[in-house]
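With these hints in hand, go ahead and build the complete structure from the sequences.
Residue numbers (UniProt numbering), protein chains in the order written: chain G, 1 to 1283; chain P, 1 to 371.
I should point out that these hints are in silico values taken from the structure, not numbers from a laboratory. The model shown is predicted, which means the values in this text are computed figures rather than measured ones. Every residue gets a Cβ at the ideal spot worked out from N, C-alpha and C, and that includes glycine. Hints should not be assumed to be uniformly reliable.
[Claimed, not checked] Straight-line Cα separation of at most 27 Å, DSSO-like style, residue types lysine-lysine; simulated pairs:
| no. | chain 1 | residue 1 | chain 2 | residue 2 |
| --- | --- | --- | --- | --- |
| 1 | P | 36 | G | 112 |
| 2 | G | 410 | P | 241 |
| 3 | G | 968 | P | 36 |
| 4 | G | 410 | P | 29 |
| 5 | G | 410 | P | 28 |
[What the hints assert, rightly or not] Here chain G is said to cover these stretches of chain P; the calculated rule only asks that three of the stretch's residues, wherever they fall, bring their Cβ under 8 Å from a Cβ of chain G:
| no. | region |
| --- | --- |
| 6 | 27-35 |
| 7 | 42-52 |
| 8 | 126-134 |
| 9 | 273-283 |
| 10 | 315-329 |
| 11 | 342-351 |
[What the hints assert, rightly or not] Heads up, incomplete: computed chain P residues facing chain G, CB under 7 Å, no partners named:
| no. | residue |
| --- | --- |
| 12 | 218 |
| 13 | 335 |
| 14 | 337 |
| 15 | 338 |
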Amino acid sequence: MTWRSPLALVRDALRGQRAREKDLRNLVSNLPYEGLEKRKQPNRYFPGNAIKTTKYTLLFFIPMNLFEQFHRLANIYFVGLAILNFVPVVNAFEPEIALIPICVIMCLTALKDAWEDFRRYQSDRKLNNTPCFIYSRKAKKFIERRWKDVRVGDFVKVICNEIVPADLLLLHTSDPNGVCHIETSNLDGETNLKQRRVMSGVCISDPDFEPESFNSLVVCEKPNNNLNHFKVLCVSIKCKDHMDSPKREKPDKEKVGAGIESLLLRGCTVRNTDHAVGFVVYAGHETKSMLNNNGPRYKRSKLERKLNKDVIFCVILLFFMCLNGALGHFLWLQALPTVPPYLVPDSNGHLDSPGLSSFYMFFTMIILLQVLIPISLYVSIELVKIGQIFFITNDIDLYDEATDSRIQCKALNITEDLGQIEYIFSDKTGTLTENKMVFRRCSIMGTEYPHKENAVRLAVLEESEAEENVLFNKRPQPVKPRWSLDTEDTNFEDRQHQHGSHRKSKVAGNAQSNVAFSSPLVNGFSHSLQSNNPMDPLSNMPKKSGYFSNIFTSWQRKPNRNRTISEDSVVEGDIFNLPEIMEEPGDINGLRRCSLYAPTNSDKPATTSDNLSYEAESPDEAALVYAAKAYGFTLLARTPDSVTVRLPSGEDLVFEVLDTLTFDSFRKRMSILVRDPITKKYVLYTKGADYAIMELLGTPYAENLRGIQKKIAADTQHHLDCYAKDGLRTLCFTKKVVSDKEYKSWFVNRQRALAAIENREQLVMDTAVQLETNLCLLGATGIEDRLQESVPDTIMALREAGIQVWVLTGDKLETAVNIGYACRLLEDEDLVINMSCKNKLTCTSIVDCALQEVRRYNEDPRNVDTTPDISLVIDGLTLNMALSSDLQDRFVELAKHCRSVLCCRVTPLQKSSVVKVVREKLKVMTLAVGDGANDVNMIQAADIGIGISGQEGMQAVMASDFAISRFKHLKKLLLVHGHWCYTRLANMIIYFFYKNVAYVNLLFWYQFFCGFSGTTMIDYWLMIFFNLFFTSAPPIMFGIMDRDISAEILLGVPELYRTGQGEGEYKFSTFWVNMLDAFYQSLACFFIPYLAYQGSDIDIFSFGTPLNTISLFTILLHLSIEIKAWTAVHLIIIGGSVVLYFVVTLAYSAVCVTCNPPSNPYWILPRQMADPMFYLLCLITTVVALLPRYTFHVLRNSIAPSPLVQAKHLDQLDPSTRSEYIKEWRSFRGGGQVKSSRLSTPPSPTLETPVGMYPQSPTVSDIMGDEFTLNVISENYQRHLHL
Amino acid sequence: MMASSYNAKDEDGHITVTGPGGGTLRSKKPENTAFKQQRLPAWQPILTAGTVLPAFFIIGLIFIPIGIGLYVTSNNIKEFEVDYTGVDMSSPCFNCSQNFSWNSTTPCTCTIPFFLEQPYESNVFMYYGLSNFYQNHRRYVKSRDDSQLNGDMTSLKEPSKECEPYAYHDNKPIAPCGAIANSMFNDTLELFYNDPNGTKVQIPLTNIGIAWWTDKHVKFKNPGAGEANQNLTAVFQGTTKPLNWRRPVYELDAAANNNGFINEDFIVWMRTAALPTFRKLYRIIKSPSNGMMPTMPRGNYTLEVVYNYPVRSFEGRKRMILSTISWMGGKNPFLGIAYITVGSVCFFLGVVLLIIHHKCGNRNNSADISN
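Below is the structure:
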């Protein structure tokens, strides 16, 4: 290393700083500079790949950890007190002893931190030393190095199943198509494979990639934490020399852009690819995965916030007690006529004036009474929460067999919030429903087709096996040729029987991978064909088949990690594509193929494709592909460039994929551009939400052709509405033939957009929008998403528990309402307010009107005895207006009166803003539950976010505080664990405050008898031990294990949950009642011994020892009044505490002769224990101290028992009587039973629609171009009243 | 682990799970044990009138007899108190109390006659009582050196800082140091029985056995204790007496086993009182060995006080107390009354609860949980 001037070093450092801060980075290959010293390296400014996530270093652990800990105000307070104790004029204890409690607590915390940091260090070291392959120019090959040796500008080779060491720009893979598959489960938890492709145009993808030939300048953006976004530009330059900016005048300069699809992220695993070579763009802490790694979130629970308030009250109390002490000391000194012999001057023989010494006394009192602020409370709360989480995660009822997953508690400090929830915001898809999509119906060119087998399958899966057998043994009944919407419900059962036999064998197999073939759809066709009535069905046939081939979507074989399979058969893709078979309706080939297909309805056509298992990005797509396969159109392979489909006839068609226009939430659709293998035309297929598609239908096209096109659209829309009513998810499909010229010009635009580095997303999207015009409607599909098991039951229970449930979904209004009824969010007898309007003015009037209505409804004397069952249905657009700042309050007021609210067509952002508004305006505890990436905002906005680990990846789970696997788990989590955690912790905290006040007040009362001089009558060590050991374990155990009511009762009577809501048990009054009780108890504990020993020859510590013992008994017995359920653990811990007290105190008083001046504990307790007075005092004082509390409990429980006490009575009955009681009681309340279906016709609500009171005339709203409805829905929202 | 969203453990896990062998995953299913499922057998008492009735009656039934017993015992204790502070002009000790100085060499003596109404049987304990003397003042309590008192030679020569400003005098260490020792009670009390036949008989007072055995034998030791024929005077050579003392510590008593730090009067004083009004055991009047005669028969007595200890500076009072003791210590009717009161209250509450139980009990059992 040569010497360099400091100036040069500084200059270099500054330059490095600038290079790192620049918006664009220029990177070049390291290879030409291999072996040179560091300062000649071009990429030296960028950090290496070694990571360090530890917070501390070995050398600076102590100062840094102390610094961390002193961020806690409480710690500063206690250390301040301990330091105060070193000031001789004010000290109350031996200064060293006063340090012990805070030291113990800080040491414990430091140990915990050190252990965590050590584990981080270990994992860092392991990670940094993981081997990887870096290209070396000297060796002319990839040589094995460590992760930490990777630098920006290196070429790294990753082998299959290896983890990517840094963010790599993919330059070469073993795959001839330049594709590399990665699994990002380490980053976002998604286990499906993602496809990355080689950056095209940079390197010639010859079989042997030569890193040394790479001489491009890589321009990339500043590191950011967006996992789905990356921009890079490669500028190939011919000259070998490195330069900071590419020479513009070079003629052979070529710019190529690429995005995230060419980036291998650190932490991903390479799958199904032999090897891949990439250029390191970001390393170490600049990689996207590391930038995404912002430690754990810290949420503060509601209880903790309240607790902090009470700590402030304790501080105020302490202040007044100290003031009292100081004042008392002053008056006491003033009253002395001369200097008495017991007033000790300082070492100079000088006595302070009364004023000064009472000023000092104030601080002495603070030190003396510091325990009033519970020092160990925070540590104890943390311990209790760990214990509570242990029990929650070990609950077998919250374990899901299917996924082998327990509940995960990610946030460690908000368990008790689970017991206080007032509002639940739930996603629909995947949360309430399975998110296992099953294809149910489709509409092709305006004609409806059912796909009944799925219905049968679903029905069968729900039934027991015995029933299944009965079902299948039934004789097949005559096939009903056509399905119509009207007959659907009545024929459902029949159909089940009809087709049961056909698919008996299939049900036994994998329900997911088998889709029945003998569907009524096919039967319908064969029937129609045979009945020699070809007109109608024949015209539909080709459309249908074409349609099915169109719905091949993104799919993959289940990620097979054994890479030998990958070579030939595995095809993957995550990009939606729509291959085509028939391009024109009524194509003759299609007709032929379909008629060929008809006879094979009971056989499986192609055996080879049987074992195909698809995996799709969204479950809808998988459902479509399975459905298509069921009809013989099997998707065989999907490569980035092609789609292979096997037709029922056995032929394979290969479509060339020209481009895919990926889904984005703005367009709400996705398209694929393919080249038809037969006609060689460019065809664009689009699928998307109906409203996103319908407006793009080419009107001129439709008009130009036939009126029938218009009719198709109308019919399809009708079918879509019907589907939505049935709760099906709908998708529309269109196609568009693109002319060669059109394609060419578009392609140029597209390429330019893709290469853009500024504003690339917008440009790419614009090109997509540009192409997606004048679409021609093909049809629509209805996909069923089954409700998860016990969802209605859970929602009923949650509502009985006083929780308002809101469902926020992106689905259509009809679908949402339907699901709402299905999951009993809406009841038939409910008053449903439907809000849907298009402009602000009407929105305002609707809200006002509804609000008045709701108030009137509530004030109506007829409704006093019943709970107001008002529900609100609102759509996204209206919601947006309702949440605007001027309407917000009124909307929230309205929502407060509604038992359930259904928001449909809402965006993720709206979801979170709804949560935020409700949370802030109503000051309530909110819980958000969701399963998908679109719920992440909401989950993070709510007080508690719950993620459901479902079909849609893990983003929701990663963002959540608790992760469950089924919606029904919410019931036990909230009703049982939430209730338990809350009552436990609330009681423990109250008890902790009580304990400290009761104990410290003994010292306070003593001050009245020692001239307010700050004397303690209890030995310091015993005082410290008292809080640290003798009385700390019982409350912690109490906080972890107490069980006021059994889980069965809590689940059976959800109303009990209400006890925790709002203020809950930990009220302001509860705190003060307990404080008063603590004062009373300390009075009793002090003055009874005082009166008993008054005037006797008792010495200080002989007086303090019984006091200490008495307060131990009182404090522990107080706890045992509070303990609701005694188990062996309780007995052992409480008994153990008493035994520990006596053992330690006896040992201390037997051993310590002069060890702890000036107190002389020697032989005090043994002497006291030999005195009958001691026991008599203990007995009576404990009784007197606890009598009021005990009597109060007894009287309250006898005269006005709380619901909890009544539930406890229930708990003690034997199970059968208990369930009878619950049933009886619930039926008495009415409507408590969860109905199995919603078919019963409810009575119409007495309420009339507010037509009269709403002045706006219909014409006005017509003029305004609005169509909004405010209607009272009874019996399935049929009475729409347009105002 | 927050350090990194993936770590080595996860990688291992993935590889074993997905490898060709397909290693079996251990199920994450929680153990179905009573403890983990929070189903431990539990006793769940509900505090209602019905269930706690017996407890109240039992407490009442136990406490009242105990209270009566305590009250009777306390009443049987005989106690006699003479205040000899001398605040009144009429008091014999008035003169002594007025002209006081810690350093006065001429002892002031006063004589107080009193009459015992009842004969005192068995051992009679003689106490001196001080009022308004805050022996429990924080600074005062600390002002001692326990290791010096324990016989530690270094502490003898170098008293602890706690003793300041009573640690050194004239550059000599004070033995025993500290404010407590310095302010030791130094009145001498003597009792005379005025025989009806006119003679004045001095009552023998024992000064052995008035301190705790453990204090005298373990806690307090003369320096160099254990050495054969120790000479206290020699041992305390180089130290000086506390300022207010008239005699050095090694001249507190003639008897060798009651001299120096192990002087029992000294030990008793050093056990600082808990409350500002206290008594300390001064002497024991042993009952006559024949046991037929009362220790102190009914009659006239004279208390002769060598009045040394000043209490006017803190408006204190000095008393001499004669008391017999029982198993529960000295006379204190409080505990007996407290037991009787609490017992009665519990009994009364029991009755109230009985009524409540009859009125509300049935309703509770019907388990209606309406909110």
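Status of the hints after comparison with the structure:
Between the alpha carbons of residue 36 of chain P and residue 112 of chain G the distance comes to roughly 25 Å, so the proposed pair stays at or under 27 Å and holds. With a CA separation close to 71 Å, the supplied pair residue 410 of chain G and residue 241 of chain P exceeds the 27 Å bound. Note on residue 968 of chain G and residue 36 of chain P: the hinted pairing holds, with a Cα-Cα distance of about 21 Å set against a maximum of 27 Å. Of the supplied pair hints, the one linking residue 410 of chain G and residue 29 of chain P holds, its CA atoms being roughly 18 Å apart against a limit of 27 Å.
Pair hint residue 410 of chain G plus residue 28 of chain P holds up; C-alpha atoms about 17 Å apart against a cutoff of 27 Å. Counting residues of the region 27-35 of chain P whose beta carbon lies closer than 8 Å to any beta carbon of chain G gives 6, which reaches the threshold of three, so the coverage claim holds. A stretch counts as covered by a chain when three or more of its residues have a beta carbon under 8 Å from one of that chain; for the region 42-52 of chain P and chain G the count is 10, and the coverage holds. Proximity of the region 126-134 of chain P to chain G, defined as three or more residues with a beta carbon under 8 Å from a beta carbon of that chain, is established by the 4 residues found.
Counting residues of the region 273-283 of chain P whose CB lies closer than 8 Å to any CB of chain G gives 9, so the stated coverage by that chain holds, three being the minimum. Under the rule that three or more residues need a Cβ within less than 8 Å of chain G, the assignment of the region 315-329 of chain P holds, with 5 such residues. Counting residues of the region 342-351 of chain P whose beta-carbon sits less than 8 Å from any beta-carbon of chain G gives 4, enough to reach three: the coverage restraint holds. Of the supplied interface hints, the one on residue 218 of chain P holds, with its beta-carbon coming within about 6 Å of a beta-carbon of chain G, less than 7 Å.
Using the Cβ-Cβ criterion of 7 Å, the hint placing residue 335 of chain P at the interface with chain G is satisfied: the shortest such distance is roughly 5 Å. A cut of 7 Å between beta carbons decides the hint on residue 337 of chain P: the least distance to chain G is about 9 Å, and the hint is violated. Interface hint status for residue 338 of chain P: upheld, as the beta-carbon distance to the closest one in chain G is roughly 6 Å, under 7 Å.
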